[in-house]
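Protein sequence lines, in the order shown, are assigned to chains W and B. full-length UniProt numbering applies: residue 1 is where the first sequence begins, and numbers increase by one. full-length UniProt numbering applies: residue 1 is where the second sequence begins, and numbers increase by one.
The hints are simulated quantities; they were obtained by calculation from the structure and are not laboratory data. As the structure is a prediction and not an experimental result, all values here were calculated from the model. For each residue, glycine too, the CB sits at the ideal point set by N, CA and C. Be careful, since some hints might not be right.
To be verified - Quick list of the computed label-pair ranges, beta carbon to beta carbon:
{"#": "1", "chain 1": "B", "residue 1": "Glu-322", "chain 2": "W", "residue 2": "Asp-95", "range": "39 to 45 Å"}
{"#": "2", "chain 1": "W", "residue 1": "Thr-31", "chain 2": "B", "residue 2": "Ser-59", "range": "50 to 56 Å"}
{"#": "3", "chain 1": "B", "residue 1": "Val-211", "chain 2": "W", "residue 2": "His-181", "range": "30 to 36 Å"}
Protein chains: 2
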Amino acid sequence: MKGDGENGSVATEIRGAQGNVSETKENAAQTWLRAAKFKEVLGSDSSHKSLFILVAHESGEQGVLLLNKSPFSENVEDIAALIESAELSEIMKNDIFGSYDVIIPSKLNLVKSTLIYPANEKVIAKYRQEEKYIIHETAEDYNTITVEYIKKYQMDLKWLHNVLSKESEAERIIFEDPDPHNGFILSPDIKWDGTSMENLYVLAMIHRNGVRSIRDLTADDLPLLENVRSKSLSAIKEKYGVRPDQIRAYFHYQPCFYHLHIHFVSLKYDAPASTTLAAVLLDDVINNLKIASDYYKRATLTFARKRSDKLLEMFREAGRCEP
Amino acid sequence: MKGDGENGSVATEIRGAQGNVSETKENAAQTWLRAAKFKEVLGSDSSHKSLFILVAHESGEQGVLLLNKSPFSENVEDIAALIESAELSEIMKNDIFGSYDVIIPSKLNLVKSTLIYPANEKVIAKYRQEEKYIIHETAEDYNTITVEYIKKYQMDLKWLHNVLSKESEAERIIFEDPDPHNGFILSPDIKWDGTSMENLYVLAMIHRNGVRSIRDLTADDLPLLENVRSKSLSAIKEKYGVRPDQIRAYFHYQPCFYHLHIHFVSLKYDAPASTTLAAVLLDDVINNLKIASDYYKRATLTFARKRSDKLLEMFREAGRCEP
Chain W
1 MKGDGENGSV ATEIRGAQGN VSETKENAAQ TWLRAAKFKE VLGSDSSHKS LFILVAHESG
61 EQGVLLLNKS PFSENVEDIA ALIESAELSE IMKNDIFGSY DVIIPSKLNL VKSTLIYPAN
121 EKVIAKYRQE EKYIIHETAE DYNTITVEYI KKYQMDLKWL HNVLSKESEA ERIIFEDPDP
181 HNGFILSPDI KWDGTSMENL YVLAMIHRNG VRSIRDLTAD DLPLLENVRS KSLSAIKEKY
241 GVRPDQIRAY FHYQPCFYHL HIHFVSLKYD APASTTLAAV LLDDVINNLK IASDYYKRAT
301 LTFARKRSDK LLEMFREAGR CEP
Chain B
1 MKGDGENGSV ATEIRGAQGN VSETKENAAQ TWLRAAKFKE VLGSDSSHKS LFILVAHESG
61 EQGVLLLNKS PFSENVEDIA ALIESAELSE IMKNDIFGSY DVIIPSKLNL VKSTLIYPAN
121 EKVIAKYRQE EKYIIHETAE DYNTITVEYI KKYQMDLKWL HNVLSKESEA ERIIFEDPDP
181 HNGFILSPDI KWDGTSMENL YVLAMIHRNG VRSIRDLTAD DLPLLENVRS KSLSAIKEKY
241 GVRPDQIRAY FHYQPCFYHL HIHFVSLKYD APASTTLAAV LLDDVINNLK IASDYYKRAT
301 LTFARKRSDK LLEMFREAGR CEP
């Protein structure tokens with residue numbers, strides 16, 4: 001069971017990394033950091049073991065340090081070294097079970113970091129963790145608020161049309177059904193390295209224009225959805241050897257861009273935005289449209305948005321969310 | 001932003017822990033571990049940075065070592081110490097952005113562990129990670145397979161009836177609506193420490209008997225669901241000061257026990273089994289029953305089960321899942 005592309009032994013990786021860098025550059029960042037003072041915790045995630053902090057020099061120059069504990073190496077030598085050198089401090093012992101704080105050698109316990117300096121306010125704002133708020137979007141809210149939001153803030157989809165017309169990224173296509181009404185292109189997601197099956201992440205983008213999100217779907221679109229589901233799962237099985245019952249297929253709602261697309265992700269991968277308040281299973285959408293053809297014209301859809309989000313702001317202005 | 005109950009400085013915690021343990025016991029576990037050899041990776045989670053391994057002595061005595069990287073301390077002194085002592089090895093530098101492997105002092109980078117020894121095969125099996133498989137449960141599958149599974153393997157609910165009758169855990173109740181048809185008891189979940197608001201996790205258990213899961217719900221139960229939703233969110237606001245739009249309320253499907261209960265969890269907490277293949281939002285259930293009163297009598301529900309799971313076995317025996 002591998003993850004995050006961890007393959008070689010840690011010791012090798014460290015030597016490799018150090019061999020390739022200039023001493024000067026390496027010291028520059030470290031020197032800059034050591035002369036900085038801690039200012040603020042911008043964000044943290046105790047489940048994933050990450051910490052984002054703001055630091056600053058006396059001159060006022062600021063930097064953002066993103067720290068993320070690395071996964072354990074699963075290399076046999078590294079595990080053997082860990083067992084031999086672990087220092088245990090007992091917290092509790094009961095029958096065969098004991099809890100310990102363990103100190104392991106630093107080289108087996110690296111932290112991956114990004115240091116951004118000098119950092120301006122826009123960069124700092126990007127990494128400042130924001131509280132999220134739940135929105136209940138009725139069908140009426142969608143028509144009066146969300147449609148306006150999409151018109152106003154929708155990102156430019158030129159990149160997507162270039163992909164669909166194969167003017168760009170044609171070499172990345174895993175599978176294509178060229179049918180203009182029910183066809184689609186299947187490609188690896190940019191977040192995926194393309195090799196680690198634990199993190200398999202591919203994206204199906206439909207050829208048809210004008211379907212912005214699941215809100216636009218009715219039972220008339222079942223042939224489209226069932227076509228994407230069956231052909232994508234077959235293509236993934238054929239290319240990567242991963243069974244259909246090991247793949248989770250879902251939409252985001254709200255999506256990141258408003259041209260219908262479907263995420264196909266390994267069941268083993270705890271992907272960002274795959275929880276109930278962000279993702280809707282393709283199987284559930286198909287089921288819902290079979291139960292009521294106009295399901296998405298009537299449904300109240302529940303999702304979460306960050307504090308500074310424009311859509312949340314528009315819901316608040318309309319009096320549909322508490323300020 | 002705190003998590004996992006991390007409050008004091010790490011340095012203090014280590015001193016505290018070491019001060020309270022007998023040298024002998026502490027050494028016993030370490031001595032046992034150092035004499036052991038690595039046998040097998042039982043499981044790993046690269047997102048949460050954990051590793052479960054099987055180790056064994058030459059005598060054949062086996063042990064299970066569960067390793068879990070600790071979250072970063074957010075104590076100001078610990079962060080200052082980290083900044084001062086971090087050793088950076090450059091991986092990549094581009095404009096203001098640089099990536100580094102960082103070595104930080106061991107005492108700021110503890111691993112929490114559990115060592116179980118001697119471990120028998122049953123204990124080992126419990127920690128061996130198993131692949132999951134997706135099941136599509138039609139209404140017919142529910143009636144012919146799942147109902148049989150519930151009859152055969154449902155856990156004894158005496159503990160639950162003791163809670164509902166207040167014979168046990170009465171002191172833990174946050175709120176009760178005693179109505180036998182639409183009432184419920186709200187209590188902290190056993191996984192929650194009761195103090196860290198980041199991880200807030202409370203459970204509503206309905207008083208009415210015979211509602212096993214969302215499958216048993218129809219539009220007739222909307223008053224029950226809306227009652228639990230509004231009164232639980234109010235009670236959480238009053239007792240913990242957390243706003244309703246900061247709480248995610250959901251069912252598990254399949255649930256862990258078959259007496260209807262609802263999870264109320266902080267939006268900030270990445271709770272286990274809160275993804276689309278395990279959790280169903282209370283808001284979505286209410287919405288679905290409004291769209292079709294018999295929604296859960298007709299729906300195909302999609303969820304994932306582990307390889308050795310009895311329900312998966314029964315679906316496979318019935319020819320409803322690939323072997």
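Checklist entry - Tell me, which hint numbers fail for this structure? => result Number 3 only.
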